[in-house]
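Put together the whole structure using the sequences plus the hints.
Listed below, chain by chain, are the residues.
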Amino acid sequence: MALTRSIHTRLALGLALALLAGCASAPSTHTPAVSFRNPQVRADVPAITVLAPADAQLVPVVQQLRNELEEDYDVLVSALDPERDTVDTVAQIVAHDRPKAVVLLNNSTARIYRKWARGTASPPVSIILMASFAEELQPTIPNSVGIAYEVPAVTSFVGLRALGKAVNRVGVIYRKALAHYVGAQEGLAKVESISFVAEELPEQFEARDLKAALVRMKRAGVDALWLPNDNGLLTRLLVAKVWLPYLERLQLPVIVGVPSLVRADYAFGVYGAIPDPEALAIQAADLIIDLSQNGWSSEGQSVRLPLSAKTYVSAPLSRRFGVLGQRLQNVDVVVGQLPEEK
Amino acid sequence: MGHPTRRQALLAAMGLLAALTDVPGGTGTAQAAETKVYVFAVTSIRPHVLQKMLETALPGMSVTVFGRVGDFSRALEESPPDAALAATPVLAAFGQKAEIQGLKGGSPQEEYLVLSESEVKADKLAELTIGCLDLMGRKALPAFVQGLLGISREPAIQRVTKTEDLLQLLQFKRANAVLIPEGFLADLQTRTKMELKLLRLPSAKVLRVGIAFPGNRQGVESALRALPGAVLEQLGVDHWR
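Here the protein sequences come in this chain order: A and B.
The opening residue of the first sequence carries number 164 in the numbering used here; numbering runs sequentially from there.
The opening residue of the second sequence carries number 6 in the numbering used here; numbering runs sequentially from there.
Simulated from the structure, these hints should not be mistaken for laboratory data.
Cβ coordinates follow ideal geometry from the N, Cα and C atoms, glycine included.
One or more of the hints may lead you astray.
Partner residues are not named here, just some residues of chain B that face chain A (Cβ under 7 Å, in silico) [as the list claims (entries may be wrong)]:
(1) S49
(2) R51
(3) V54
(4) V165
(5) T168
(6) Q173
(7) W245
(8) R246
Next up, the structure:
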């Protein structure tokens, strides 16, 4: 028993560190900085401005946007530093580029731009991209639209289904703060005849509340447990004392939204559908074209759901939960190996 | 150490950009003297899996399988291969002529099906938003879909890059109907419990994978003709003509 506890504690530390890196959802500014290069501006070619932190993770997004739009637009990227830049910086960039539309990459960029847009008579249409909870951000930015960053849970459910695992009843344990988000996901899942068994934890919940909820999930006979990205449910203590020992004991397949939780070395995430930045860029390019046909106005537009995702599966866990090995070829990233391949 | 200079930062960014754009979307690396093969195929397996299968079947050749048509077309233009494999209309869209045509069950064509949540009539298709795979880029796609649907004007399009994403278009109501290659219907049915309606159109047929030779045909043709059955199956063909 003591040895098991020690292993769980060590795993919890690793997992907690992985979560700190992964659960921020949208890219943060903790990755290597880059300088974005802009093409030669062409006469009589309209501009699309991209405002982004100088984050190496965003280079493929910018490149894909440029690939899709460069025939018709100069895609001009300006780095914004949330610590240093202000509304004046945004004003200067917009005055210089005179863009038809502005793409806002990540939350910190959107917040700086929002300050400027709110004080401007008619700001250009903006597209919120790679930002967490864009649905909540969008109504606060005048003349904006967006693409949600979070992959809808139903995309994960049908992805796991395609690997041979029945997914008809899904359990979800969440804090009250996420009730609205979970409700929206439940609505989307209904389209696929997937029902939720939901356990809402009180705001000041304790480890034993989570343990009890997990046991009830097992008794309810859910096909899988969906774990929304929520740092509050994934503290080091909860991972060590609840998640790892209980998931191992209860044998519940878990669907996660962070790649670092799909692991081969312990029972946690068996499957995850994760945002695909380049696919988001292509979708954003199509949205920009739609806006161009709508007089560069956001009227009638809302935040769109992402259409594509990168898929991750844990090979050893997938075997445990009845995934067909042959179908792992349909997954982007297979973590670990199937038992007989070792 | 101190902070990097602007020049160092610029060089680092240029290096990163160069690495990202060298062979965009592909996972293979090509050397000047190597025989190069590019592939853009609609498959249910991931591009890196197909690439591994092709590399095993074509030893000594540099194979790049592209998952996005934009990456495929850019690579064709910037660094032409010796052979390019893609559905014949895709090759044509980028100025390549298929010299060899793939067949399946004796037919060079694959049927595309119209799937929708509500029943749609063939004579109303032009009024709908149609979801489809991006086979030839944003600008050329509407005319291509118009041809498949046999309608008199270009429809509104929602494009995706993977067959599985067609389902999301229906789930999220971004499209009224989607066009799906018949070979992928079974895979889609394993995913969904939506009750989808199916419409077959006489015009919705697409030539299967063909082979164009922008470079040294002699050095690559025989090896491609000898591809094993398992690889051909993933390419959606069973025979070359």
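Here is what the structure says about each hint:
1. S49: Constraint on S49 (chain B) satisfied, holds at 6 Å.
2. R51: holds, 6 Å
3. V54: Holds, because the Cβ-Cβ distance from V54 (chain B) to chain A comes to roughly 5 Å (cut-off 7 Å).
4. V165: holds, 6 Å
5. T168: violated, 10 Å
6. Q173: Holds, because the Cβ-Cβ distance from Q173 (chain B) to chain A comes to roughly 5 Å (cut-off 7 Å).
7. W245: violated, 24 Å
8. R246: Interface hint status for R246 (chain B): violated (28 Å vs cutoff 7 Å).
Hint check: violations occur at hints 5, 7 and 8; the rest are consistent with the structure.
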